[in-house]
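Using the hints, position chain B against chain V.
Going down the list, the protein sequences come from chains V and B.
Heads up: the first sequence begins at 752 in the working numbering, then just goes up one per residue.
Heads up: the second sequence begins at 62 in the working numbering, then just goes up one per residue.
If you are wondering where the hints come from, they were derived from the structure by calculation, not from laboratory data.
This one's a predicted model, so the numbers in the text were calculated from it and none came from an experiment.
Don't take every hint at face value.
What the hints assert, rightly or not - Here are the simulated distance ranges between beta carbons:
(1) V/Gln811 to B/Gly358: 23 to 29 Å
(2) V/Asn874 to B/Ser153: 42 to 48 Å
(3) V/Thr833 to B/Gly358: 20 to 26 Å
(4) V/Val855 to B/Asp360: 19 to 25 Å
(5) V/Gly760 to B/Ser153: 55 to 61 Å
(6) V/Leu878 to B/Asp339: 54 to 60 Å
(7) B/Asp409 to V/Val1059: 34 to 40 Å
(8) B/Gly254 to V/Val851: 39 to 45 Å
(9) V/Glu1048 to B/Tyr357: 37 to 43 Å
As the list claims (entries may be wrong) - If we take Cβ atoms under 8 Å as the criterion, some of the chain V residues that face chain B in the derived model are:
(10) Tyr781
(11) Leu785
(12) Thr791
(13) Ile795
(14) Val844
(15) Asn893
(16) Gln914
(17) Pro918
(18) His921
(19) Asp960
(20) Ile993
(21) Tyr1003
For each residue, glycine too, the CB sits at the ideal point set by N, CA and C.
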Amino acid sequence: MRWISILLGLSGTGAVGFFAVREIIMYPMYFFELFLGGLTRGSIYALIALGYTMVYGIIQLINFAHGEIYMIGAMTALIVATVLGMWGWNTAVIVILAFVFAIVYSCAYGFTVEKIAYKPLRNAPRLSALISAIGMSLFLQNYVMLAQTPDYLPFQSLIPDFQFWEPFAHIITSVEITIIITTVIVMILLGLLIKFTRIGKAMRATAQDKVMAALLGINVNNVISATFVVGSATAAIGGVLIACHVGQINFYIGFLAGLKAFIAAVLGGIGSIPGAVLGSLVLGISESFFTGYFWSEYEDVFAFAILVLILIFRPSGILGRHDTQKV
Amino acid sequence: MNTFLKSLTVGVLSMMMFAAPGFASETIKVANAGALSGDLAPYGISALRGVEMAVEDINEQGGILGKKVELMLGDDVCKPEVAVNVATKLVSDGAQMIVGHVCSGATIAANKIYKDAGIILISSSATNDDLTLTGEHPNFFRTISNDGAQATLMTDFAKNELKVKKVALIHDKGDYGKGQMELAKIAFEHMGGVEIVLFEGVTTGAMDYSAIVSKIKRSGAELVMWGGYHSDASKIIQLLKKKRVDTLFMGADGIYGDNLPNLAGEFAEGVYATGPNDTSSNPMHQALTKEHQEKYGEDPGTFFITGYTCMQALAAAAEKAGTVEYDAMRAAMFDITVDSPMGPIGFDKNGDIIGAGFSVYRVIDGKYQQVN
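With the rest of the complex left out, here is chain V (with noise of 0.2 Å):
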């Protein structure tokens, strides 16, 4: 009986493999279109998911408001272009403007938000202060839609249609470009101020032992502090990023994108930095993957599918640390 399992299981892999590697090798542009779409995705998947798992590492919290902040950094660049874009000034102004405004905007939402929902409920349950993160997340959605508009509004893009990018513009567009070349600096940026600076040193240490942090003199409050504004900066470049790219926004668009860069940071190990952006490549490479080659009706059943079949052979996710943990 057993044999024939092994024969079973061996002439389906086998014919399952035929297939793709006939598949790529027959429409190999078709192949590269969906990787470099996958790319794209996954690098907004990763902005967004760095300040989920940073989060994590140091206060063991999910903060849930996190896709809140990227949606409302896309809404003040919006708002900035606008009012900017009605004044005549300058394009590339415009640009970088409306990037300050929403990384500023964004960092000091993250920062209050910590501050008021979180700060207080430190030493409580865990369970509080992930209660206090849903809550803010429905909070700063129904304030954006009642502030602003529940309609969704037009998001002119700030990256324009390069010329020099014709011949490939039909493969990948030079928005799609801007966004994985901006999430790479952003990475190395980001490793940079990890690995070198003090903070960086400062986040390790309260990341490993909070209480040992504070013994040897680090104010662990800053430490908190400066974790939400860094995770905020790059949730509000991913914000503005996907606006340009997919040309409107609404109230909402923070609720399934922050719960799909939650999946990838799981999927990549809570805590791990590395993690979540191998996390957030692999889901939306193979999300990608999945709607090109088999059917887009069931992209986000497969999304959850992979999350539970990795919680199942590796519950502490790809690169993640071996220690058990309650959410």
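Below, chain B alone, put in the same frame as chain V:
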């Protein structure tokens, strides 16, 4: 004791005062249900304005059966689960007729409540075939043609006017969008000569549609037919253009109106959509449009005229039946001819409108203009 008695008297009196309308029933309660908030609110609000204007006109002329019409509102944000709650609330608040809902999915869900309560439901915008053609919704009527008619028009236009050979049918997995694309698929298969190279659903509100856009490109489709609403359509249209995919794009009344051109801007140029027949030469239509412009400072939305007609039809049926009681009202609905802003209309045995239909429009210079 004395103060207690006084306050008791005041309390009882005020309770009676508030309760009085309920006892006397001097008004006819009509409810308007649909999306009044959320991203589909533009559709719901356009219909509501039509209904409100009709109620004003009817009340000016003495109301229905000599009673004033009182309008109640229900907001379902186009979500079926919310629609059921809204319907339950409206019925328990004593609504005697309902105009709505706006989206097909919400309408199907809510009508379980209205059907059991024996209340006529008339929609200005829900086009799903199941509502009239299955016979499961005997209390349902509508002042817009059904998706079957729309699908026939779309597929005919694609084959005979656009002369495409390959189409991709993409939908948002909802009752309205998926239903419409399934009808289009049947119509194409029935006609022959047009190959369906892709039939897929996408997640509404997803972050990015580039994978499906790549898939459309690979399929070699000359036309993308979209079943769904404008916000997702706008994302797909923009990506198609940005990725230099050389296809035409066509949708149904879910993307008809100013919403899509406003959202997608220059990218919307050249998009086809079917929408209710242009009846703007009708004098009544013109007068209503003018009134709307004066009142709100903008042009009427997609379902303003059909919304107005809904309320007219209810009033006409009640007058004909001489009562608002369900069986008599329902029988009267099939007999009436309403002098509406769309021209004279009536209802067939399924509850579908007679005397109105769809036309094909195309975005030219940022506005939909009729092309067939």
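Quick rundown of the hints versus the structure:
For V/Gln811 and B/Gly358, the Cβ-Cβ distance of about 54 Å falls outside the hinted range of 23 to 29 Å, so the restraint is violated. Distance hint check: the CB atoms of V/Asn874 and B/Ser153 are about 47 Å apart, consistent with the given range 42 to 48 Å. The beta-carbon spacing between V/Thr833 and B/Gly358, approximately 21 Å, falls within the hinted interval of 20 to 26 Å. As the Cβ distance of V/Val855 to B/Asp360 is approximately 39 Å, the hint placing it in 19 to 25 Å is violated.
About 59 Å separates the C-beta atoms of V/Gly760 and B/Ser153, a value consistent with the hinted range of 55 to 61 Å. Taking 54 to 60 Å as the suggested C-beta distance range, the pair V/Leu878 and B/Asp339 conforms, at roughly 58 Å. A beta carbon spacing of about 50 Å between B/Asp409 and V/Val1059 contradicts the range 34 to 40 Å that was offered as a hint. At roughly 56 Å, the beta carbons of B/Gly254 and V/Val851 sit outside the given window of 39 to 45 Å.
Taking the beta carbon of each, V/Glu1048 and B/Tyr357 are about 39 Å apart, inside 37 to 43 Å as hinted. Checking V/Tyr781 against chain B by beta carbon gives a least distance of about 5 Å; that is within 8 Å, so the hint holds. Taking 8 Å as the C-beta contact cut-off toward chain B, the hint placing V/Leu785 at the interface holds, the least distance being around 6 Å. Annotation: interface hint on V/Thr791 holds; nearest CB of chain B at approximately 7 Å, less than 8 Å.
Restraint check, V/Ile795 versus chain B: the minimum CB separation of about 7 Å is within 8 Å; hint holds. Proximity of V/Val844 to chain B is violated relative to the hint, the smallest CB-CB distance being about 22 Å (cut-off 8 Å). Against a cut-off of 8 Å between C-beta atoms, the interface hint on V/Asn893 is violated, since the closest Cβ of chain B lies about 11 Å away. For the restraint placing V/Gln914 at the interface with chain B, the shortest Cβ-Cβ distance is roughly 13 Å, beyond the 8 Å limit, so the hint is violated.
Taking 8 Å as the C-beta contact cut-off toward chain B, the hint placing V/Pro918 at the interface is violated, the least distance being around 10 Å. Interface restraint check for V/His921: the shortest CB-CB distance to chain B comes to about 4 Å, inside 8 Å, so the restraint holds. Interface restraint check for V/Asp960: the shortest CB-CB distance to chain B comes to about 37 Å, outside 8 Å, so the restraint is violated. A least Cβ separation of about 6 Å between V/Ile993 and chain B falls short of the 8 Å threshold, and the interface hint therefore holds.
Hint on V/Tyr1003 holds. Least Cβ distance to chain B is approximately 7 Å, under the 8 Å limit.
Hints 1, 4, 7, 8, 14, 15, 16, 17, 19 from the earlier list are contradicted by this structure; the remaining hints agree with it.
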